[in-house]
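Peer 1: On the provided structure of chain A, position chain B as indicated by the hints.
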Amino acid sequence: MPEQLSQESEAKRVKLEDYHETAHSIPVANRDINGYQLPGHQSNSFHTKMTSSQVDNEPSTFIKELEDMDNEATSKSEEIQIQNWSRPELPKFDPKKDDIIFQQLDAEEISHVNGHSSARFFGVTDAGNTVLCNVTGFDHYFYVGMPKALKESDLPGFTNYLKDEYVGVNTIEISFKESIWGYNNNTKLPFLKIIMSNSRLISRVRTGFENGSIQYNDAFPPNGSITFDNIQYLLRMMVDTKVSGMCWIKLQASKYTLVPPSQQVSTCQLELSVDYRDLVSLPIEGEFSKIAPLRILSFDIECAGRKGIFPEPEHDPVIQIANVVSRTGESTPFVRNVFTVNSCAPIVGSQIFSFEKEEELLRKWRDFIIKVDPDVIIGYNIANFDFPYLINRAATLKVQDFPFFSRVKTSKQEIKDSTFSSKAYGTRENKVVNIDGRMQLDLLQFIQREYKLRSYTLNSVSSHFLGEQKEDVQHSIITDLQNGDAETRRRLAVYCLKDAYLPLRLAEKLMCLVNYTEMARVTGVPFSFLLSRGQQIKVISQLFRKCLELDIVIPNMKSDSVNEEYEGATVIDPVRGYYDVPVATLDFASLYPSIMMAHNLCYTTLLNKPTIDRLGLVKDKDYILTPNGDFFVKEDLRKGILPTILQELLAARKKAKYDLKTETDPFKKQVLNGRQLALKISANSVYGFTGATIGKLPCLAISSSVTAFGREMIEATKQAVQERYTIKNGYDHDAQVIYGDTDSVMVKFGENDLRKCMKLGEEAAAFVSTIFKNPIKLEFEKVYFPYLLINKKRYAGLYWTNPDKYDKMDTKGIETVRRDNCRLVQNVITKVLEYMLELRDVEGAENFVKQTIADLLQDRVDLSQLVITKALSRQDYAGKQAHVELAERMRKRDAGSAPTLGDRVAYVIIKTSSTKNYEKSEDPLYVLEHSLPIDTNYYLENQLAKPLTRIFEPILGERRAKALLSGSHTRTVFVAAPKTGGLMRFAKKTNTCKNCKSPLTKSNCKSPNGNAALCNNCMDKAGSLYGEALSLMNSLETKFSKLWTECQRCQGSLHQEVLCSNNDCPIFYMRTKAKKDIIHQAEELERWNDMVW
Amino acid sequence: MTMDQEVRRREVVRSSDSNKALLYTLNKNNRNYDRQYASIYTARANKLKPRLIEKCSEKWKGEKINGIPVSHTEKVLNISSNKATWCVGTVFCDLKYKPNILKDVSESMYGGPVVKKVDGTYADRESDQLMLEDESGRIALDGELIDKILLVTGCIVGVLGMEINPGVFTVVDIVYPEPGLQKPRLLSNHRIALVSGLGINGDNLDLSRLELLKEFLTGELLENQAQESSIAKLIIAGNSIKVGDLNKIHQDKKNKFKATYASNYNATAVSQLDNFIHDVIQTIPVDILPGAEDPAEIALPQQPLHKAFFNSSRQFVGNRLNTKTNPQWWDLAGTEILGTSGENIDDIFKYVVPNDYHVDEDGCENSRIKIIESTIRWQHILPTAPDTLWCYPYQDDDPFVLESTPHVYFVGNQARFESKDIILDNGFKVKLLSLPRFDQTGEVVILDLNDLSTNLVSFSV
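Quick note, the sequences are listed as chains A and B, same order.
All the letters of the first sequence, read from the start, carry residue numbers 1 to 1093 under full-length UniProt numbering.
All the letters of the second sequence, read from the start, carry residue numbers 1 to 461 under full-length UniProt numbering.
So here's chain A without its partners, still in its complex pose (with noise of 0.2 Å):
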């Protein structure tokens, strides 16, 4: 029975691996409860506890049940013990007769002593065997237009000429080409493709053509010709040998090449060479649909600061780097340690590296990269922070050999500054480390582009995606916790060690490795361009392939850019206003990239007036004038490339959903969906790429037809539901169009019951479908009910794609994700939505807003729903802001805990003699230290107002939503009384009477130091005063123990003190409120004590 042993052993061996993570101690609270794996509890264990005497200690058994104890511990130590870090063994193979099969991670160019350019691709096996390739014999090459004064027989001439003119020129073919750029009757014109030996020198030479400066029996024109198919080396290669981002690739036995041992660049295991010709790029279905099993390190340091100062590689030392390492689709990673400087507490379930001197920290940290040989490397802001913290520390501590942890041996890391703009993700300045062979995500960076956050901080983007809250340790901390005690320092490394392993769960939950890896296997480029460069760049290397296939060259448009505006999308006006009815949304299906199919929109396609005339054209016979007054041919003549490309991509997304149905096992699951959602997203961003002005290839005659196409459909769909869907026609309503959006259209029919409303979406789908040309398609997807239209781009509604249920509320451009705003905001606005469109009761709305401003105006809201945070980034600010300003005042304070460049800034508005909003910040916890009183008017005005008033007008009307903000319960007021400054000084504190207001004395008080709570009048109220008095302690005894008892689970301790600094967590401001304030109500009650009776 070997085989149910070893199943068996398997199964042990996933619930040690579990163990490893309960008793971790770094996630053991908050976390999700799922993820814990327990002893077999009995199921009759309540009964026992509840009814067995208690111990009694029986020795026989006990003496048997260690030993067996310990022999089963000792069969499983090793595996569990060793933490082993080594790749598997390669396995004996023969080059003559092997193939090699790895998946292709990485690919760079390298420059050979020849001269000549190469590239190399590193990967994995299936095995986990590293792999690097070099890639030769491929010349880089561009083509010009072949003058007709040149004939074929100037060639060989020609080519001496630029040889003698330029380095590098390689050889001059003829090829029969054609460009992309206008109609021109499908004939193929011949074109010098120039090959050049290496791919640094191409540009000159293409420069040379460009602005004339190459002349050949004055064949070319004086100011200069046209080059074509400008592209970097490296995706020239991979476009000419059909090799896609992360694909496999197949080496067929003789045809590569081992490199000897001693010629070897890298620590991969196996290294070799092949001629590009005979690179096998394996398509990416089927089996070669898998990901090779990837080794994932996620890492994270900490440095032990000054007080006051940001971390500072040239001052501060590395202190701690904690390392977690998995492999794809294993859920438990299989390394976690921490090197530390000075010695550390072990923790359970980790390995603890300890060294005397930081130097030797770095060292070794750099020899455990080489070990254990990630393929990827993630982390949070690891590409900004720590990379280069790490290697800027080295340099400074002159520890020479530390920056080579890439896969090629000599390759130095250095740190490089990138800026890159584009459209969709604003300007981006970031540092680049090169490390050779493995891949880095930068998880930050990862969620800045993909997510649309109020913060970036790892404990809210934690909290947002994984549900948790995490203890944060401030830098001022981390110095003295490292300057303690082994105990101190182990502390440290736990929290180092969640937020190394954080960004792993981070990646996992996010999916973000498989969907970046399918993006780069659908549009073909290298992984790491997916975060390094724009979104043109895909688009780019979709075209290059298709156009490799055509015959078609792409020219090298010069980048004017010119702002040319073209008018967007178009939006029908909103009726404004609150439907009680059910509105019926339909939407077109993929819009752009059907209206570009549809109508055969392309550069391709493209003809001009002079064209049309010269071939005899007729009008739509032969070509389609776009409501935008542009030409293009029809599909019988030329089939456009832009609309086969999407064509090919949606029918891939078709496919790959229809996989994603019959596929059961969950990793390929994952990974067929981030591909049909790559394809998605590429299928769309290809009317983007036509219309970015400072793009490689802008053409707005595509992309100012396909939104002119697109509003065109929108009325025209509106025209058609309207006079259709009417009494007249046999309807029970008159259906009114309320807005329209890009591509969707809001109907209302009248209709009050779901069912039928959406029976009448369906059915409007599908007709208003036949009036608009194939592939473009109306779908009715869901309705909404209620629908709340504040304006253009703004709405709300409960989301129903089945009458029984609905699936979700669904908002637009209401204030949820804006920054500036303070969190009380987000929550009110959506309560309130809640309240009108779950619940519909517009009534309980309104009582709660009026609730939450008397809670405002009366001092009772949270302090974090009022905390407003901003980056501190750069300190020259032209106007004084309020975060710098209070960043100022701070570090006046106390340098020490003063928030420092790159920090974020919490503040609150307070009430202070000063008008301007910048002198007004204040710091959270101040506030609460002294009892500052809170602008609760900037809130109200500032803040709720605007917001809220526009939900409520279109319901309530202009009036009523005023009296919103200014009710009855606007009316009390309570303003905390400051404790120090000002006139507090001056003012001497008196008890007056709880009940009655008056001040206490000695002598109308029973009490003999005046400190009384009640007037002798008032003392028949006693019990009911004193009574309330109580119900408020106990209300602040519970919340008091209630969250410290909360930061203690959290943080994991109950014997240590809890130093958590993480303000964005929800009861951080709490915390301090609660205490505050439970002090001031025992001094309350201690005023009922001291009366006489």
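Rather than coming from a laboratory, the hints here were simulated on the basis of the structure.
If you're wondering where the values come from, they're calculated on a predicted model, not measured in any experiment.
For glycine and all other residues, C-beta sits at the position ideal for the given N, C-alpha and C.
Honestly, I wouldn't trust all of these hints.
Unchecked claim - Footprint (simulated), chain B over chain A, 3 or more residues, beta carbon under 8 Å:
#1 339 to 349
#2 754 to 767
#3 1040 to 1054
Stated by the list, open to error - In silico DSSO-like cross-links for lysine-lysine, where the CA-CA straight-line distance does not exceed 30 Å:
#4 B:431 with A:805
#5 A:1076 with B:28
#6 B:148 with B:350
#7 B:75 with A:357
#8 A:1076 with B:148
#9 A:1039 with B:350
#10 B:96 with A:808
Peer 2: This is chain B only, laid out in the frame that chain A set:
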């Protein structure tokens, strides 16, 4: 209170037993909420660890595994795997349904999913995890023994076993702290009456059972004349008032946007209680403890019910009417009694009942005597404070550790009357009493201070 004062007070308590009655009285005018709860756990460990280590070394000194003697590991994190060892630390239960304010807050903010739970329990069989912790860190506990015995957050124990799976310590034997000293008991011919959960509800005017109780205590029930005559004291152990849920939210009619807090105050109920006491103290003295349902501070130790509530019996306070803290120590004619109003036991109970358990299946719900016994064994009457039971943030002190062992230990407000005599390892005898709720059973317990026998008197109309 300052640390000095605190220390001094503790010493006073130790040297003179009369001050034990003030053990749970919080310092007037000087409460301090600046310290975190870690301080209590540290103080608790400091008090109990020496008592444990002594006992552990004694019990396990001869044990050998495979010929190798078991050793003592001082810190939890220094436990090395596959080595039989013993260690002392604080138990921590990670339970799914513990009160979680973070979740509550986040949910009300972000509308997260609501966790389904059975009321009155924290436990979930599937996911709960037991751990042992000290200042160095935590290790998970498992083993058959752990499934069998009762352990809750905050008790300090010694465990013998081995770390087989990394981070998981398999326990084979367990030791509780050495019991605190017990004074020799003096015999007395007095008897005292113990009642809990009067549950006077301002809305319910049917006070006939209460009337009967009063008549019984004051000797007006003739047939009991002989019996009642020697009852020396009535102890009311909490929950004398029961405010209906409707009454709980105190609302100000004038200003509906004012803050509202749950209140246990009800004027009618309070005056009914006042009248009851006023009548009883004419005959016998009364000690009254607050309970969770009474108008008193919720955090333990609960401070005495306030004079403001006793309009008619106010003049007797400190004399025939003693308002006491909860918990409370008494020395009644040489018998040391420790009592609580039952919150401690109720809270521990929530650690044990699994979420999917139907409590009435086999009557376990009704027997709490095992838990009451456990708290004596653990030498700590409030282990789950402050984790799930709200408590004052003592600084460098934990007065709930038993520094001495009482003769009688009663717990109020339980489902039914139970009594058990236990003998601790060093021979000390403790009488455990689980007092029923009067409003549900009509039962009062009479304790004879001579032989510590009990008599259950039941009233019904």
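Peer 1: Taken at face value, is the distance from the CA of residue 357 (chain A) to the CA of residue 75 (chain B) at most 30 Å?
Peer 2: Measuring from Cα to Cα gives roughly 27 Å; hence the hint holds.
Peer 1: Assess, step by step, whether the Cα of residue 96 (chain B) is no farther than 30 Å from the Cα of residue 808 (chain A), and give holds or violated.
Peer 2: Since the Cα atoms of residue 96 (chain B) and residue 808 (chain A) sit roughly 27 Å apart, the hinted pair holds (cutoff 30 Å).
Peer 1: Quick check: the segment 1040 to 1054 of chain A, covered by chain B? Criterion 3+ residues, Cβ under 8 Å.
Peer 2: That given contact holds, which follows from 13 residues of the segment 1040 to 1054 of chain A lying within Cβ reach (below 8 Å) of chain B.
Peer 1: Run the distance test for residue 1076 (chain A) versus residue 148 (chain B): straight-line Cα separation, threshold 30 Å.
Peer 2: violated, 43 Å
Peer 1: Within the segment 754 to 767 of chain A, is the number of residues with a Cβ closer than 8 Å to a Cβ of chain B three or more?
Peer 2: violated (count 0)
Peer 1: Is the Cα-Cα distance between residue 1076 (chain A) and residue 28 (chain B) 30 Å or less?
Peer 2: Holds: residue 1076 (chain A) and residue 28 (chain B) sit about 18 Å apart, inside 30 Å.
Peer 1: For residue 431 (chain B) and residue 805 (chain A), compute the direct alpha-carbon distance and say whether it is at most 30 Å.
Peer 2: Status violated; Cα separation ~59 Å.
Peer 1: How about the segment 339 to 349 of chain A: do at least three of its residues have a C-beta closer than 8 Å to a C-beta of chain B?
Peer 2: Three-residue rule met by the segment 339 to 349 of chain A, so holds; n is 5.
Peer 1: Between the alpha carbons of residue 1039 (chain A) and residue 350 (chain B), is the straight-line distance 30 Å or under?
Peer 2: Holds - the C-alpha atoms of residue 350 (chain B) and residue 1039 (chain A) are around 20 Å apart, at most 30 Å.
Peer 1: Against the 30 Å threshold, does the CA-CA distance of residue 148 (chain B) and residue 350 (chain B) hold or violate the hint?
Peer 2: holds, 16 Å
The earlier numbered hints that this structure contradicts are 2, 4 and 8.
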